[in-house]
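The lines below spell out each chain.
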Amino acid sequence: MTLSQLEVGETGIVKEFTDLEMSVKLMEMGCLPGEEIKISRIAPLGDPIAIHVSGYQLSLRKFEASTIILQ
Amino acid sequence: MKADIRVALVGNPNTGKSTLFNILTGLNQKIGNFPGVTVDKKTGFCLLPDGRTAEIIDLPGTYSIYPKSKDESIVFSVLADKAKGMVPDLIVVILDASNLKRNLLLYTQIADLKIPVVVALNMIDVSEKAGITIDVNLFAQKLGVPVVPISARKIKGIDQLKTTIAYANKIALQQDTIDVEAIAPRLIAQIQNEYKTDNPYFALQLAHQHETLGFLTTGESDRVEQLEKEHSFHSQKAQATETIARYNFINDLLYDTVKKPETAHDETVSNKIDKILTHKVFGFIIFFAILLFIFQAIFSWSAYPQELIGDLFLWMQSAISKALPAGPLVSLLVDGVLAGLSGVLVFVPQIAILFALISILEDTGYMSRVTFMMDKVMRKVGLNGKSVVPLIGGFACAVPSIMSTRNIENWKDRMITIMVTPLVACSARLPVYTLLIALVVPDRNVWWVFNMRGLALTAMYLLSIVSAIVVAFVMKFILKSRERGYFIMELPVYRMPRWKNVAFTMYDRSKTFVLQAGKVIIAVSIILWVLKSYGPGDKFAQIDKTYSQPRYTQTMTPDSLSKVIASEKLENSYAGVFGHVIEPVIKPLGFDWKIGIALISSFAAREVFVGTMATIYSVEGDADKMESVQQKMHSATNPDTGKPVFTLAVAFSLMMFYAFAMQCASTVAVVYRETKDWRWPAAQFAYMTVLAYSASFIVYHLLK
Chain B
1 MTLSQLEVGE
11 TGIVKEFTDL
21 EMSVKLMEMG
31 CLPGEEIKIS
41 RIAPLGDPIA
51 IHVSGYQLSL
61 RKFEASTIIL
71 Q
Chain R
1 MKADIRVALV
11 GNPNTGKSTL
21 FNILTGLNQK
31 IGNFPGVTVD
41 KKTGFCLLPD
51 GRTAEIIDLP
61 GTYSIYPKSK
71 DESIVFSVLA
81 DKAKGMVPDL
91 IVVILDASNL
101 KRNLLLYTQI
111 ADLKIPVVVA
121 LNMIDVSEKA
131 GITIDVNLFA
141 QKLGVPVVPI
151 SARKIKGIDQ
161 LKTTIAYANK
171 IALQQDTIDV
181 EAIAPRLIAQ
191 IQNEYKTDNP
201 YFALQLAHQH
211 ETLGFLTTGE
221 SDRVEQLEKE
231 HSFHSQKAQA
241 TETIARYNFI
251 NDLLYDTVKK
261 PETAHDETVS
271 NKIDKILTHK
281 VFGFIIFFAI
291 LLFIFQAIFS
301 WSAYPQELIG
311 DLFLWMQSAI
321 SKALPAGPLV
331 SLLVDGVLAG
341 LSGVLVFVPQ
351 IAILFALISI
361 LEDTGYMSRV
371 TFMMDKVMRK
381 VGLNGKSVVP
391 LIGGFACAVP
401 SIMSTRNIEN
411 WKDRMITIMV
421 TPLVACSARL
431 PVYTLLIALV
441 VPDRNVWWVF
451 NMRGLALTAM
461 YLLSIVSAIV
471 VAFVMKFILK
481 SRERGYFIME
491 LPVYRMPRWK
501 NVAFTMYDRS
511 KTFVLQAGKV
521 IIAVSIILWV
531 LKSYGPGDKF
541 AQIDKTYSQP
551 RYTQTMTPDS
561 LSKVIASEKL
571 ENSYAGVFGH
581 VIEPVIKPLG
591 FDWKIGIALI
601 SSFAAREVFV
611 GTMATIYSVE
621 GDADKMESVQ
631 QKMHSATNPD
641 TGKPVFTLAV
651 AFSLMMFYAF
661 AMQCASTVAV
671 VYRETKDWRW
681 PAAQFAYMTV
691 LAYSASFIVY
701 HLLK
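Protein sequence lines, in the order shown, are assigned to chains B and R.
Heads up: the first sequence begins at 1 in the numbering used here, then just goes up one per residue.
Heads up: the second sequence begins at 1 in the numbering used here, then just goes up one per residue.
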């Protein structure tokens with residue numbers, strides 16, 4: 001299951017990434033394996049999404065969220 | 001001013017770094033360039049409690065030492081470039097106390113470079129309110145550096161920070177954060193050996209960033225590349241390993257020092273605001289309402305100061321012409337320099353207002369929500385959520401807007417934004433449109449409420465936005481990009497704007513505009529003045545001779561006589577000659593050589609069109625009154641056919657030309673400055689000219 005499949009309000013724990021380049025950027029922003037992510041909201045047009053991670057809010061595109069595999 | 005100690009400010013975006021910089025330096029700051037790149041370098045001076053002076057350098061906000069944009073790449077270059085002498089004696093790392101975890105990543109990277117560090121724990125008031133307790137002493141002890149809790153917004157803890165800077169140790173005392181050597185032991189050892197550095201993290205950064213570091217020679221960079229191959233070093237994998245190790249360190253550190261309630265208060269408030277501001281329906285309504293407000297503000301609030309500036313220059317010009325004897329030097333001063341200067345300064349009110357509003361939107365955190373909402377639409381046409389700001393700014397002036405594209409990380413998105421921004425109807429086009437629309441469109445209402453002239457003007461604005469989007473869409477397929485586009489962006493919590501920052505941004509942008517655009521516009525104005533004031537052969541002398549005959553001097557008033565002479569001279573000047581030369585080219589668009597002169601002189605600034613028309617048609621009385629220019633243009637007839645020159649077809653064809661053509665020397669200059677490659681402004685000039693010519697041609701032949 002990937003992060004992009006979660007609904008608003010649902011949470012998941014990061015397991016691994018499918019894309020190395022993207023994972024480097026995501027990890028720098030605090031999306032690390034073992035970290036809990038909550039979907040805060042989805043942009044009015046359905047993409048990007050806003051997530052709550054490491055104590056703050058981060059937005060990323062659905063495609064980017066789909067590279068994050070959850071436990 | 002000479003500084004005793006050099007201090008660099010480093011921190012994540014949205015941590016109050018600029019606010020702290022402004023507090024430390026006051027208005028005692030200047031903006032320059034980092035050598036070789038076009039990133040603004042903000043430096044200022046701060047008096048320390050021990051009587052010494054510190055030079056403070058504000059480095060661009062970044063989440064990591066690994067750069068994602070041009071601005072961010074400066075951070076490591078400054079901290080590492082020993083040859084240029086920019087390396088600071090001390091680094092102040094600003095951490096957001098309410099969001100320590102992510103903020104600490106950058107700290108651990110900076111700390112490992114082993115330059116002396118002081119930590120400023122900013123927004124300590126916000127984090128206390130949110131119920132976060134930080135054991136500052138233990139935190140400082142574990143890091144091995146001084147930690148000063150401050151609130152830049154409320155100006156608390158600043159004196160203590162200054163004292164700490166003054167008495168900071170000259171040698172780096174920070175604890176190691178991670179085992180850097182373990183990431184690539186043999187490669188690091190070899191680079192350390194060859195580049196004579198005792199710092200393993202510096203060696204590792206050379207391996208990661210050697211391609212973009214200006215201070216390495218090509219030979220050195222190639223050697224690093226070769227070493228990487230030998231030791232099969234994979235930059236991204238190494239970076240991933242490093243980041244995970246750093247967060248492990250951070251988690252351990254925070255476990256002992258920070259106690260946090262389940263959900264922070266600030267964020268729940270922010271969430272409530274977001275429910276409305278990024279709502280499916282209200283979100284867009286509010287966004288468009290704000291756009292409309294900005295639009296209104298740019299035009300209505302700036303009208304009065306603009307008029308004032310215009311009047312001031314007119315007064316100065318007439319005062320100088322009266323006080324000094326007429327001659328080429330006075331003419332150069334009045335019609336060249338002062339006219340050019342007035343053309344620059346008249347835009348300052350609009351730019352100041354635009355950037356004040358943009359900085360309020362950015363400061364409150366709303367701008368990142370705009371990006372969040374618009375990203376999907378903008379991406380479809382090859383732009384980025386962040387392109388919205390420069391495009392809105394384009395309604396005032398393309399020059400500062402193009403400068404504001406620097407925060408777009410993706411190269412391709414940034415280039416496309418730069419390429420299409422000049423298509424947006426900037427305020428210099430407004431006087432041209434107003435004049436031409438009033439000339440041919442009747443002042444009547446249709447469907448009771450809509451004024452026809454208003455509709456025509458609105459259509460020109462809509463056309464500009466549509467054309468920018470279409471061109472961006474086309475360029476999306478033309479430009480090839482090596483980078484992958486991504487959109488990983490922090491949504492900061494909503495905050496009240498910091499009015500001092502707003503005022504400062506306003507001042508800063510206006511100053512940059514005056515200096516950047518000003519130079520070019522004044523230079524072009526002087527060249528145009530020469531072209532308009534001198535002509536080939538002895539034509540000018542002949543004109544003077546002809547009009548000194550009694551049949552002119554006795555029948556005409558001195559004022560109208562001098563107007564006729566000016567008009568006649570312009571016809572025979574080099575500008576007039578050029579107008580005649582390009583006439584065959586612009587004839588298919590419905591333009592004659594007189595319009596040709598106006599097109600050429602508009603290259604300094606588009607609104608010069610009105611003034612040139614006034615001279616060509618030797619407008620009597622107050623030449624700067626739109627109405628008098630209009631009347632003259634209205635009664636102008638073609639000497640060959642006897643029909644009026646400015647028909648509906650010609651006026652609209654001319655408007656199309658002004659809508660699309662790159663008649664702005666300052667924009668060309670700023671595009672070069674931002675891209676560092678002449679091919680970009682050249683390509684832009686070429687495509688816009690083709691677009692302008694085709695649009696004018698089509699419109700002229702449709703309406704004829």
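Bear in mind the hints are in silico, worked out from the structure with no lab data behind them.
Note that the coordinates shown come from a computational prediction; the quantities given were computed from them, not determined experimentally.
Treat each hint with caution, since some may be false.
The calculated lysine-lysine pairs, modelled on DSS-like cross-linking and capped at a C-alpha distance of 25 Å, are [as the list claims (entries may be wrong)]:
#, chain 1, residue 1, chain 2, residue 2
1, B, K62, R, K275
2, R, K196, R, K41
3, B, K62, R, K162
Looking from chain R toward chain B, a few residues come up when the C-beta cut is under 8 Å (computed) [what the hints assert, rightly or not]:
#, residue
4, N99
5, T243
6, A245
7, N271
8, K272
9, F284
10, I286
11, D375
12, V377
13, M489
14, L491
15, K563
Positions of the beta carbon are idealized from the N, C-alpha and C atoms, including for glycine.
Using 8 Å as the Cβ threshold, decide whether I286 of chain R counts as touching chain B.
-> 11 Å, violated
For the hint on N271 of chain R, does the least C-beta distance to chain B fall short of 8 Å?
-> 7 Å, holds
Let me know if the C-beta of A245 of chain R comes in closer than 8 Å to any C-beta of chain B, holds or violated.
-> This interface hint is violated because 11 Å lies over the 8 Å limit.
Distance restraint between K62 of chain B and K275 of chain R, which requires alpha-carbon spacing of 25 Å or less = With a Cα-Cα distance of about 20 Å, the restraint between K62 of chain B and K275 of chain R holds, given a limit of 25 Å.
So, V377 of chain R near chain B? Judge it on the closest CB pair being under 8 Å.
-> 7 Å, holds
Measuring from the C-beta of D375 of chain R to each C-beta in chain B, is the shortest one below 8 Å?
-> 6 Å, holds
Under 8 Å, Cβ to Cβ, is where N99 of chain R needs to be relative to chain B, so tell me if that hint holds or is violated.
-> 5 Å, holds
Mind checking the CB of T243 of chain R against every CB in chain B and telling me if the closest is under 8 Å?
-> 4 Å, holds
Taking the closest Cβ pair, is M489 of chain R under 8 Å from chain B?
-> 5 Å, holds
Holds or violated: is the Cβ of K272 of chain R closer than 8 Å to a Cβ in chain B?
-> 12 Å, violated
Does the nearest C-beta of chain B fall within a distance shorter than 8 Å of the C-beta of L491 of chain R?
-> 4 Å, holds
Given F284 of chain R as an interface hint, is the shortest Cβ-Cβ distance to chain B below 8 Å?
-> Hint on F284 of chain R: holds, closest Cβ of chain B at ~7 Å, below 8 Å.
Of the numbered hints given earlier, the model fails hints 2, 3, 6, 8, 10 and 15; all others are met.
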